[in-house]
Amino acid sequence: MHKGHTWERVITAIPYLWLFLFFLLPFAIILKISLADPVIAQPPFTPMFDEQGNLSVSFDSFIFLLTDKLYAITYFKSVMLAASATMLCLLLGFPMAYGIARSEPTTRSILLLLIVLPFWISFLLRVYAWMGLLNNYGVINNMLMWIGAIDQPIQFMYTDFAMLIGMTYSYLPFMVLPLYATLERMDLDLVDAAQDLGATRTGAFWDITWPLARPGVIAGCLLVFIPAMGEYVIPYLLGGGESLLIGRVLFDEFFVARDWPLASSVAIVLLLILVVPIMLLQRYQARDAENA
Amino acid sequence: MQHRSRFLLTVLSFGYAFLYIPLISVVFYSFNKSSLATVWGGFSLRWYGELFRNDQVLEALALSLQIAATSATFATILGTMAGLVLVRFGRFRGRTLFSGMIVSPLVMPEVITGLSLLLLFVSLQQLIGWPAQRGFSTITIAHTTFAMAYVAVVVQSRLTSMDESLEEAAMDLGCRPLRVLFDITLPLIVPAMVAGWLLAFTLSLDDLVIASFVSGPGGTTLPMYIFSKVKLGVTPDINALASLIILIVSVGLLLSWAAMRKRSS
Chain A
3 MHKGHTWERV
13 ITAIPYLWLF
23 LFFLLPFAII
33 LKISLADPVI
43 AQPPFTPMFD
53 EQGNLSVSFD
63 SFIFLLTDKL
73 YAITYFKSVM
83 LAASATMLCL
93 LLGFPMAYGI
103 ARSEPTTRSI
113 LLLLIVLPFW
123 ISFLLRVYAW
133 MGLLNNYGVI
143 NNMLMWIGAI
153 DQPIQFMYTD
163 FAMLIGMTYS
173 YLPFMVLPLY
183 ATLERMDLDL
193 VDAAQDLGAT
203 RTGAFWDITW
213 PLARPGVIAG
223 CLLVFIPAMG
233 EYVIPYLLGG
243 GESLLIGRVL
253 FDEFFVARDW
263 PLASSVAIVL
273 LLILVVPIML
283 LQRYQARDAE
293 NA
Chain B
14 MQHRSRFLLT
24 VLSFGYAFLY
34 IPLISVVFYS
44 FNKSSLATVW
54 GGFSLRWYGE
64 LFRNDQVLEA
74 LALSLQIAAT
84 SATFATILGT
94 MAGLVLVRFG
104 RFRGRTLFSG
114 MIVSPLVMPE
124 VITGLSLLLL
134 FVSLQQLIGW
144 PAQRGFSTIT
154 IAHTTFAMAY
164 VAVVVQSRLT
174 SMDESLEEAA
184 MDLGCRPLRV
194 LFDITLPLIV
204 PAMVAGWLLA
214 FTLSLDDLVI
224 ASFVSGPGGT
234 TLPMYIFSKV
244 KLGVTPDINA
254 LASLIILIVS
264 VGLLLSWAAM
274 RKRSS
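In order, the protein sequence lines correspond to chains A and B. Under the numbering used here, think of the first position of the first sequence as 3, with each following residue one higher. Under the numbering used here, think of the first position of the second sequence as 14, with each following residue one higher.
A hint or two may mislead.
Straight-line C-alpha distance at most 20 angstroms; calculated DMTMM-like pairs for lysine to aspartate or glutamate [to be verified]: (1) Lys242(B) to Glu72(B); (2) Lys46(B) to Glu63(B); (3) Lys71(A) to Asp261(A); (4) Lys34(A) to Asp62(A); (5) Lys242(B) to Asp254(A); (6) Lys275(B) to Glu106(A); (7) Lys34(A) to Glu53(A); (8) Lys244(B) to Asp254(A); (9) Lys244(B) to Asp162(A); (10) Lys275(B) to Asp68(B); (11) Lys34(A) to Asp261(A); (12) Lys242(B) to Glu63(B).
Covered stretches of chain A, going by a simulated chain B footprint (3 or more residues, C-beta under 8 angstroms) [claimed, not checked]: (13) 7-13; (14) 27-37; (15) 101-109; (16) 208-216.
In short, the hints are calculated from the structure, not lab data. No residue lacks a Cβ here, since even glycine has one placed at the ideal position from N, Cα and C.
If we strip away everything but chain B, and leave its shape as in the complex, we get (with noise of 0.2 angstroms):
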């Protein structure tokens, strides 16, 4: 470390333990024979196997998941498209409106995009009956329209940093300017794409306030369920749920950026 100081070092300690012990704690507690969430009684598996014996939890992750694939693709479909009217189509009519469309739900607070949507929701029902029922489709929608707006910030940045003279070569080699883009411009900014999808799937799975806001009743994402439980406490089934997590989380990003890190070495 250049500039080494003991004050920087002493600083990233503390943060980082700061950030890291909430999380070991969390991950040691569901260890805990004890029904006393902060009790110390011995280690044991109990709490894992409860887990995988309650069909609340399950019904709950099934759900979560349905709608984080669902929204996470559409939400890949409409942001790349937006990347692209953003990056490539010039300037049209609207398209200042268009922008701060874009970037607005990643600014808004999330109470405020829930109720806003629920409001549509609620009057789309009163004019034309649909939707009948809030849960699945309407929690889909919600997702998609905030993590569309991560999908083309992602999409963008690419196309703004990649070189526009394979597209240009294509073109003036007499290539229609559709096959260009499905040819040329689309495989080059499939990472981008995946990246913008994982970003949005995991989003969602993590999404409480806008889903509460804008479901129904049997409508019990994963994180519905969670909260439902926890604002009584602290429980040690959902530590074990929330070290398996922690555990997913922790191995994929460590297998992407090993990966990243051997692709650019």
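Chain A with its partners taken away, still in its complex shape (with noise of 0.2 angstroms):
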């Protein structure tokens, strides 16, 4: 493996292991369990070679999942929610960002301060949050039945909307931080260059901020989306019991249901289709990494 010292060897080895036993090795296990078929035994699924050493393999779970119609629309569903969520973080979470890199340096870092706490505060008491807000008779509600807007409580809790909100509000420290490195490099005499040579302001947003911005906007939406798509919490306690997404779906299949080979097969579906994003970010912070 290496070619110097061998406590240098010795250090190589040792993470390498690690991450070849508890990350590589899993990962085998998840593909070896979804080409198995479900049996009622412990462990609930058939082996990979009979008793005479037969390759036994089915590829049961995965047709199932590709044909069944419910899963294809929570693989659609979870797909579009994400990607709502991920546009409303880039509406919200560019001009934040875009007025953070603008402000007063000692501004900025109370504005930067004020944007990383809520990170730093567990993510299923945020959810959890949410809750106590959109409930019949949360603090909308109240503050709306006050006001005389409405009369009867909204639903908003177990909706689509809710899990819309509640992703957005997750992740969107997620945009604005990536965003905000990218715009605080920006040099502003560009703008101020166009502007003076006759661009309209929208004009100079659209030719420079926004192409100098790219690496912050592709980073910030596949840190929103990736995670968005395998989302557990927020489906659990923001959505209804109809409101299905993956990252639920494969979480009750191997719990409740008991059917490994299917979870299984959710999990490297649901990991195909994040192959591409996981691929993008990788190369983006790697990048990223060099210029640092």
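If you follow the hints, you should be able to join the two separate chains into one complex; please do so.
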């Protein structure tokens, strides 16, 4: 592995082995179990080699996933919801990041701190906070009834709307921080020069600011989209029993239905959907590390 | 503010209100006397008192803190090694796979990480009888694995931005490479290691999804306890618990922010 000193080899080997054992090997196991059939046994799936040593592989779980309409709808809905949350984060996060990057250094560091703070508070509690707001007798409904805008509480909880708000809220810092990093590095004189030369404000934005901010936009969108796709807590707490998202279906398929091969197939298909976004993000992060 | 515009100010105010109103409302309702979580019944500290008499909360907290401290320590050791390997050890066979494995846990959806580790533990149990029981050890291993990626990134960026001349000077003066590592390099990256440890500790304390996958009966962490309660709706004692966590995190972050500003000025 290594040509250097023995101790260098040891220092390389320890984290290498750890990741091999606890990161790479588990994926091989998911793949293996996704190719088995569910049986009522312990563990609840057929072995890869039967007693005679013959290879027994079954694509039934994948075929079921691809032909079952409910799964198609669930994947589609997860993609749509994650994409919508990403767009909302971008619409709100871009002007926020721009505003932070353009403020005075002292204000800027306070504003940044206030973006980072919610990130350190548990994700679960931040989603929970919205339960109190969106409830039928929660803060928003009470407020609306108090000012007389409505007589009956509006059903916010257990809807797609609630999940969308929850995702936008939880992942907004992931959008603002990379956007801020690129916007802060940008040379403001470029925008001024363009305007001096007769560009309109919108023209200068689309011709200069937007192209320069694009790496941050891409990174921010991926950082929101990828975790939102596999979201488990938000559909559980804010979405209703009907609102199935893929992360929750995976969990229930495993622990409630105890269909391990199907749960593994669900995970692999999710990973296949995310493989392009994940590789894009890694390439971006590698390039960013070189530039830093 | 240069280029001050009403539009930016409006968006910033809206954005920060959006971020903070939910948190403020949780803290506000934690002082509610009524046992109906969203109907105001006067000021009271009742729910804070009940929290400290709730053995389940205290047990779950103790388990979470133990797991967080242990996994953060392992993650710091392994992540620092990985960071050193990536920045200082040059090319070696398998480096691409190594750097790929290091950053992957950062971008992997939690449900996939959780499921894959659980399947590993189940398979290991059948093959070698370990882990006989899932709980502290399995959650600690899972948290170490994803947190070491964060530590490696923090250490890596510190090492790349660091001046190599001190290490080179020591080497030129005849210092053995291993002594350079322990006497020069490691002391210089201690701040990054501390930051990495704190990050790993927080990530472990916060994690619900991965822990829910790899835990077994009896191994209930604080987020798992909170989740099992809030699944049924908003409760006043969880409001109190959430408020305490918000308070601790805010004070901790403000202090470290102030310390950082003082050092840089």
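To see whether the hints hold, each was checked on the structure:
A hinted pair counts as satisfied when its Cα atoms are at most 20 angstroms apart, and Lys242(B) with Glu72(B) qualifies at roughly 15 angstroms. With a C-alpha separation of about 12 angstroms, the suggested pair Lys46(B) and Glu63(B) falls inside the 20 angstroms cut-off, and the hint holds. Taken as a hint, the Lys71(A) and Asp261(A) pair is honoured in the structure, with Cα atoms around 18 angstroms apart against an allowance of 20 angstroms. Only pairs whose Cα atoms come within 20 angstroms are accepted, and Lys34(A) paired with Asp62(A) is accepted, the gap being roughly 13 angstroms.
Between the alpha carbons of Lys242(B) and Asp254(A) the distance comes to roughly 18 angstroms, so the proposed pair stays at or under 20 angstroms and holds. Proximity of Lys275(B) to Glu106(A) is assessed by CA-CA distance (about 18 angstroms); at most 20 angstroms being required, the pair is judged to hold. Taken as a hint, the Lys34(A) and Glu53(A) pair is honoured in the structure, with Cα atoms around 17 angstroms apart against an allowance of 20 angstroms. Proximity of Lys244(B) to Asp254(A) is assessed by CA-CA distance (about 15 angstroms); at most 20 angstroms being required, the pair is judged to hold.
About 17 angstroms separates the Cα atoms of Lys244(B) and Asp162(A), which keeps this hinted pair within 20 angstroms; it holds. Straight-line distance between C-alpha atoms of Lys275(B) and Asp68(B) comes to about 41 angstroms, which puts the hinted pair past the 20 angstroms bound. The straight-line distance between the Cα atoms of Lys34(A) and Asp261(A) is roughly 14 angstroms, inside the 20 angstroms bound, and the hint therefore holds. For the proposed pair Lys242(B) and Glu63(B), the alpha carbon gap of about 15 angstroms is at most 20 angstroms, so the pair holds.
By the rule of at least three residues with a Cβ nearer than 8 angstroms to a Cβ of chain B, the coverage given for the stretch 7-13 of chain A holds, with 4 such residues. Given as covered by chain B, the stretch 27-37 of chain A passes the check, having 6 residues with a CB less than 8 angstroms from a CB of that chain where 3 are the minimum. Counting residues of the stretch 101-109 of chain A whose CB lies closer than 8 angstroms to any CB of chain B gives 6, so the stated coverage by that chain holds, three being the minimum. For the stretch 208-216 of chain A, the assignment as covered by chain B is violated, since 0 residues bring a beta-carbon within under 8 angstroms of that chain's beta-carbons and 3 are needed.
Comparing the model with each numbered hint stated earlier shows that hints 10 and 16 do not hold.
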